[in-house]
Structure formats: structure tokens, C-alpha cells
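K.L.:
Residues per chain are reported as follows:
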Amino acid sequence: MSYLDSKIPPVREHRHPETSLAHGSRWRGGHAAGACPIASRADRSFTQGSICPLLPALGIMLSLPDTVVLMHGSVGCGSCAAGNNVNVRGGLSSRGAPVDDVVWLSTALDEMNVINGGDARLREALVECDRVYRPKVILAVSGCLPGVIGDDIDAAAAAVRDEVKARILPVHCEGFKSRFMATAYDVVYHAVGRHLMPDPASVGPRDPRRVNVMNVGSMGLADERELARLAEALGLEANFFPVFADPDSFARAAEAALSISVCPTHDDYFLTHLEESYGVPHVIRHMPIGIANSGRWLRDLGDAVGRAAEAGKIAEKEEGLLRDALEPFLPAFRGRRAFVSAGEYRSLATASLLQELGFEVCGIRSFHFDSYAEVELEKLSRARECSGQGTAGRRAGGAGRGSAAQGGDGDGFVFNVANVQPFEEANLLRRLKPDVFLGHMHGNSTAARMGIPCQVIYNSGYGYLGYRGAYDLARRLHRKMANPGFYRRLGQFGKLPYRESWYGEDPFSRIRGGEEDGS
Amino acid sequence: MRSAYLERPRWSCALEGALAAAGSMPGVVPVLHAGPGCAGNFAWTANGASGLQVTGQCLGLSVPATNLQENEVVFGGTDRLREELLETARIMEGDTLFVLTGCLPEVIGDDARSLADELSTPERPVLFASVPGFSGDSYAGYGEVLKSIAADGVRRLRTKRDLANVWGVPPGLDPFWRGNLEGIRGLLALLGIRANLLFGPASDPKALRRAGAAAANIVVSGLYGAEAAGIFRDLHGIPSVPAPLPYGAAASERFLKAAGRAFGLPPSRMRRAIQTAGRAHYAALEPAVDLLNDMESQRHAAVIGDANHAPALSAFISEELGWVPELTVIVNDLDARGREALEGYWEATGTPRPANLVYASDRRSILEAARGVWPEAPQEGYRDPKRPAIVLGSSLDRALASAIGAGHLSVSYPVANRLVLTRGYTGYRGGLALTEDLVSACIGGR
Ligand code: SF4
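Line by line, the protein sequences are chains A and B.
Residue numbers for the first sequence follow our numbering, so the first one is 1 and each next one is one higher.
Residue numbers for the second sequence follow our numbering, so the first one is 1 and each next one is one higher.
Isolated chain A, as found in the complex (with noise of 0.2 Å):
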């Protein structure tokens, strides 16, 4: 049975079982992922707030057009779809669209409903709201409360059904089930695969040239066109989902003749979905940032179509007119230290980039970590042995705890897993001091407040993706460092809300759990 065949998708907990959430190590070059048990058990005897899946859910279903996002919760709940109305009107008038706010409504619920139960409230909100705004799609998010009042999403949509003309799609962002915000992703595909996608025997003939891509929320216009270009190249045409696509466009997904994954942690879900459902075959391996893993992605959706040597060729064309392009830039970038926090691809991958140019990749952070990231983490260290950067060893300590992580070139670098937990970046950049930061959208301010030079690389409408993301982020970062006025000034005077004597302690000292009691 699939996934897709219950009403409420799988959380990460339960189909990536390896996932986790905290981690904390030295890792030097040469040194197998698979010697480095990260397990899901384990925990952090102090956290700081952080990203629940509702927040990326609502960053995709947001984006929707024709589509009304009815939060059921608290009014709190999803309060961030103002922050998310700015990335939607920036994206809107990039494509050129009219540019106009989100619909995003609340059920609001109050004292009574979570005593009574808000089912009730949640029909009436669904039948008025498509009486009034005619959308194509209503999207039904149940944040927290719902779920431990016990309301059924599932239900009221049903109930409703006949009454209501646009498509109703429950989607469960409860926060408290999921510590990974990956499971985001998950919730939205399996709302899209079980209400959005046609009848298997209804759909149309393959189109042996669409192949499918699966944005992520921070793709702007910017990411997509390199990415089409890169396709265009080979003679197929990208089909972008989820993020802006027309809820009546889903369908071609299952018409076309590939899929591929730009982020695997993120895509694995519905590729999946849409291979077995519909026999699309999809690749999932890398993530195209960097130069060798844009060529690598581009050269895996060569051989999937049988134009393997033209992919290659393209791919050697493309790099060496990167190169040449980069290397004013280089200089600047030879030894400086760099340290990288983002999702679990992103991070890693972009680590990737920054030796590519040069840089000394001194730590990593990332939100999460699964299964998909292991060969990342070898890439990285098979290109530190490469160039001569970090000593092959073993890790040292036990999942880091009593190994503070000191700075030091050829040290290795650290690695940190974590939902943000800014403390103990804090306790890490004191350590390392960095040269430069790069950083997920709101994830920035603490190195900055240090006096770190930062370069945010998950924030829509920026070029990250492909050759012209690479020299489009390797321009921004020289601008950045050759001025670094601001992040200087501020460092000086900056605060940040630690104890001194937090920073004497190991950074990684709050995690519990891990390897040695969690597998």
C-alpha cells in the first residue's frame, strides 16, 4: 500500500527512521559517513525555538495561484504567511504576474471551539470562503491545535464536498508530530498526489520531452531559468512544480517522461509517488549547486534520456566558461575561511561550491540529517583529500560531546545538526571565527552580530542553482567580502543574549542521546 492510499502522511520519524535533529561533531577528511551514526533519538537538554513543518508548507502553498490557504488553528498559527506574502509578491513580479497579497485565512479558533471542537467551524469556514473568493483549490491546514482538540480535517472536507465547488485539500502541519521540518515537504505532496493528480488510466500520453523539477521554496525566477536552460540544452522542457504552478497543471507531471530532484530530501516523496503511480521514472542524487554537482546532475539527466555524451559535453563547455568567469574572484577567496549552516542538501552542497573556490570550509551546519546526505558528506571529504585540505582520521570523541571543536587550519571541519539552536552556533563561530558566513534566511544574525561577514544562500529570487547560480553567488560573496563595513561595525558593538561562560563550555555539551545510547 502506498503512502498516499491514508488520509495523514508518514512523518520523517517514521519513513526515514535514520533522520535526525541533533548532532554535533569534529569530522576530518577521508572518513566514511557511514562510521558516523547520527541517531534520531537523539536530544538536547536545552533548545532554543525553531521551524515546525508548517512554516515551508505554508512557503509552498502559499505560492499557489487560484488557491485559498485556510488555516485551521489558533490565529497565531501560520501568522507567518505575512512574512511569506513578501516572498510571493517578490516572485509574482519576477514572472511578470500581477502582484497582489496571499489569500490566507484563519479559523481563528477560540476557548469555546477547543472545548466543543472547531469541525463545525471549520465547515463553515470552508463552504463561505470558496462562496467568496471561487478559488480552484482550498487548501485545509491543521496546525497544532486541531490535533489535540481532535478535529478531522479529513472529515469536514468530506462533509462539505458537495457544497463546496473548489477542491478541497486536508493538509496536516500539526507541529508537535514532527521535529523535522522536512516533513513539510511531505504533507503538501501528499495533499497534491491524493487531491491534485489525475486518474492514472485518464492521463495522456508520455511527452518524451517534459521533464519534471520540483522547485524548492527559495527558487526564484532566476534558479528556474538556468535550470531550463540546462534542460533546454539537451532538448527537453522543464516542468516546474510545486512553487507558483497552477493547481490545474499538476496533471502534466504524470505526462511527463522523467522527473528530477533538485534537492533530494525534499523530493523524495513524490517522485517516488509519481514513479509508482504513473511509471515515471525519476533520478534523485544531487543537488546542482557547485560546479562539479551541477555537472553531475546535469549529466545524470543525459544518460536518463540517452544523451549521456551530449551531456557531457555540455557540462565540460559550461564549466569552463564558469571557471574562466570565476577567477577574478578567486583571489580573494584562496584560504578564507568559511562556514556554512542551511537545510540538510543545502548546506552540504554549497560547502561543496565554497572549496570549488577555494575556501577552507571550516563548519557545517544543517537542520537536519538523513540518509540522502551521507554521499555529500563524502564528496566533501574526498575533495578536502583531493586539495590537500584536513588530515584523514577518525572523528574525534563521542557524538562530539568533550571534543570542544577548536579552530585550526587542516583540523577538519565540524559538523552540526540542529533546528536552528543559535547557542550553539554562537559557541562554534567563537571557536572558528570564520571569515565568512553563509546562512539560511533568518538564520544569519547571530554571525552577523559577531562581526561576521554573512551571505544569506536560501532567500527566494537570489541565483543559487546551476553555473549561472555558482558565479551569481560567487559574485555576491566577493562583493560582500570585499566590503565587509557593516558586519565589521557591527561585531564591535553587537550583542548577543549568552552567558560568558557559555562560551567556554563545549558547544555540542547539550545534546544527549546520539550514538551511543541511540542507533
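No wet-lab data here; the hints were simulated from the structure.
Hints are supplied without guarantee of correctness; some may be wrong.
Claimed, not checked - Straight line, CA to CA, 25 Å or less: simulated DMTMM-like cross-link-like pairs of lysine to aspartate or glutamate:
(1) A/LYS433 / B/GLU93
(2) A/LYS136 / B/ASP95
(3) A/LYS7 / B/GLU87
(4) A/LYS495 / B/ASP204
(5) A/LYS165 / A/ASP300
(6) A/LYS495 / B/GLU326
(7) A/LYS165 / B/ASP362
(8) B/LYS147 / A/ASP246
(9) A/LYS165 / A/ASP119
(10) A/LYS165 / A/GLU111
(11) A/LYS495 / B/ASP95
(12) B/LYS206 / A/GLU500
(13) A/LYS495 / B/GLU70
(14) B/LYS386 / B/GLU347
(15) A/LYS165 / A/ASP246
(16) A/LYS495 / B/GLU87
(17) B/LYS147 / A/GLU111
(18) A/LYS379 / A/GLU500
(19) B/LYS386 / B/GLU340
Keep in mind the model is a prediction, meaning the values are calculated, not measured.
For chain A, the structure is supplied; the task is to place chain B with the ligand on it using the hints.
P.N.:
For chain B with the ligand alone, coordinates are given in the frame of chain A:
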């Protein structure tokens, strides 16, 4: 009856408002006992709503939080909270912890208050506010934090006769809160009164303790902070003084009179202060009088904002600039009692009742109200078109502005398209800043 949903609510939940307040108090470390994403949710909310202010000493994603999971939902979360509080005291800088409970622990019945009481010591007080999202909006959360402070955070000290607490400017929800508090402090200083501010850079870690020595609580809102001021009065005998949110010179005069009266100052003292400040104010405005007049800067305006901002802005443009407020929309979800309280407050503070007042927050209702002034059909013959027009509202009101062919300036929550740091519109200087912003918004093409 409540409608079944709110469209693009212009606030978050009680937990958010409480965090924005507690997290803006120097020396106070908020600790969220809530779901795993609430802090991230609030950071992303602020991204699009608070004039680009997201982080703070203990705001954004650095706030300690228990990030409750299924396990705690089933077995209870107080053990996790106990551990979190002890660790917070070791890692985070600050002498006061402020536990804020969200939806999950309140539904599953965690007794966080008892735990807070148990762990509280004179050296490290642990305050507590129950602020689940279902209990109210961000404004309610701000109010709950003030109430906890009034009830548990403050001991009555010997009265300092020149000291005033100031309530009613909710951090974050008022994107101009820093500047607005600073402007109020400046006004009080004109009368020799010291403002004891609990929030933001103008505050200090001793402000919380000092609050018990105030001679009065000045409340510049008809709704927010009024209840807490009531507790202050009942528990500590500190009187509560309603005063207008002093946007600009005219409201500042009313403010000075109210504050001076409450502090028992002779009317001549207020008159002198008003004369001196007024002269300086108009001396500053004078260089622009030529152009303000000659370019017909007078506008017809729709003012949209919360119960604090909309009336204050509406009064300002009418009294100070001589503009015409054609429509005033208060976006808060207020029942009859709330509306009455507001009317009473305007009455008490001499705030002009906004012209053509409507309570609404969804796009359709606001547009409908605006169409009453600016009809869609082309105007024929001799009819006053009520133009040029401007919308003073939130970023969400840009669609309205373009629908009625008006200009626009974001001056109320959510403010997504302006950077706001020290800017505030209170006091005389604030009035000049507001004049600069409003007129600049009208002449961008000049
Ligand atoms: S889903 Fe839960 S954890 Fe996420 S924002 Fe809503 S209440 Fe907070």
C-alpha cells in the same frame, strides 16, 4: 456573531504579543512552553509585518523554547519545562525568566504556573503568563504580560513623585513602538516627569523593579494595558491615567495636560511647556510652509489601523495638516464592550472621534466602505471627487489604494515595505516625522 474565519488577520496570537513584549524587556529572558514552530512562525511573521524588525536580544529564533513533541503531549511537558528553565538560567544572560505558555501545554493541562512559582527565587524571579493562541490575539498577549508584571513582577516601593509607568504601546505590533515610547518620554520630560519604560532600548534591567515606585500609570491606549493598569491601582494603589497616543502637536498638548494634572502640577506649568514646545515645533515646520501651501498638499484620506493608530492618525491629519479624513477603519475584532471602552477613552482624553468610523479588517468590507467615498463609476458633472486621496494603512492596504486610485503609506501593522528603527510619531518631533513621511509619500514623482 463571529464570522467563520478571519481574512489575513492583522495580528498574531496572544503568545506572539506576549513574546514580543517580554522579549523586549532588558534583563528578561522569555521561555516559550509551546509547540516547536511557534518561535519560527513569529520570526517569519515579523519579517512581513514589523518594519523589518525580526531579531532582538532574545527574539527571533534565539528565544529558549521547549518545542513540545508528541511525547510531551501524551505524557505532559512540565519535566521538559523544568529542565529548560534550569538550563536557560545557565546559558542565557538575564536575571528574570518569563514563562509563556502556548496552545499545547494549555490544552494538555501542564501546570506551568506552579513550576514557575517553585523555581522563582528573589535573585532570579520566574514570571509566568498563560497566553495560548486560542485565548486571544497579540494585543491580548501584550496585556497578559503587563498583567503578570502588575500582579507578580512588582512590589510596591516608596513612591517616587516624578516617576510614571507608560502602558499601551505594544512592541512589534506597533512597528513604531521604540520611537513612540521615546517620544512619550520626551514629552513627560518637558514637565519634569521621568518615564519608566519597560520595553526596548530606552529601558534598563532595573525598570521592572522601579515600576513599583511610580506615582502613576499613564495609559496611551483605550484598550491595551488598561486592565493591567487596573491591577496596579487595585494591588499597589498606583492610579491610572488615560492619555491620548500623542501623535503630533495637538495631541501632545492634550497629553501634557492630562499627565500634568495627574501629577498635580499647576496649569501654568503645562501652559508654559506647551508654549515653548509649540514655538519650536512651528519654527521647524516654517521653512516648508511655502511649498506645503503652493503645491496643494492637502489630501483626502482613508485611515486604516488598529484601535491605537487609526484614531491617532485620523486626528493628526485633520488637526495638524488640515487634511480631510474621509474614512477611518479600525481593524480590531471588537465586541460592543470593546467599542464602548474605546469611545469612553476618546471622551476622557479629548481625542476627536474619527470621522466616518468603520470596524472591519477584510479587504472586501474595507473596499466597500471606501466606495462610499470614492465610487467606482466615473463621476459626471459637478461632484466633489474627494481627490487627491491617500490611504494611510498597512502594507495590506496597497490593493485598496490602487483600487480607488489613491497614494499609500504603510503606517500601521503589518508594515512590510518600510524599515522602521527609531522612527516614531509621538510628541512634537514625531509629528514632524509624520509630516515628512506623509508629504514625501505624496510627492515621490516630483
Ligand atoms: S503548528 Fe504548532 S508549533 Fe507550528 S506554529 Fe502552529 S502551534 Fe506553533
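K.L.:
Each hint: holds or not?
P.N.:
We went through each hint and held it up to the structure:
1. A/LYS433 / B/GLU93: holds, 22 Å
2. A/LYS136 / B/ASP95: violated, 53 Å
3. A/LYS7 / B/GLU87: With a Cα-Cα distance of about 39 Å, the restraint between A/LYS7 and B/GLU87 is violated, given a limit of 25 Å.
4. A/LYS495 / B/ASP204: holds, 15 Å
5. A/LYS165 / A/ASP300: Not OK: A/LYS165 and A/ASP300 at ~42 Å, beyond 25 Å, violated.
6. A/LYS495 / B/GLU326: It is violated: about 46 Å lies between the C-alpha atoms, which goes past 25 Å.
7. A/LYS165 / B/ASP362: holds, 22 Å
8. B/LYS147 / A/ASP246: violated, 48 Å
9. A/LYS165 / A/ASP119: holds, 19 Å
10. A/LYS165 / A/GLU111: At roughly 31 Å apart (the allowed maximum being 25 Å), A/GLU111 and A/LYS165 break the hint.
11. A/LYS495 / B/ASP95: holds, 16 Å
12. B/LYS206 / A/GLU500: holds, 21 Å
13. A/LYS495 / B/GLU70: violated, 35 Å
14. B/LYS386 / B/GLU347: violated, 29 Å
15. A/LYS165 / A/ASP246: With a Cα-Cα distance of about 17 Å, the restraint between A/LYS165 and A/ASP246 holds, given a limit of 25 Å.
16. A/LYS495 / B/GLU87: Between A/LYS495 and B/GLU87 the Cα gap is close to 20 Å, so the pair holds against 25 Å.
17. B/LYS147 / A/GLU111: holds, 20 Å
18. A/LYS379 / A/GLU500: violated, 37 Å
19. B/LYS386 / B/GLU340: Violated. B/LYS386 to B/GLU340 sits at ~30 Å, over the 25 Å cutoff.
Of the numbered hints listed earlier, those contradicted by the structure are 2, 3, 5, 6, 8, 10, 13, 14, 18 and 19.
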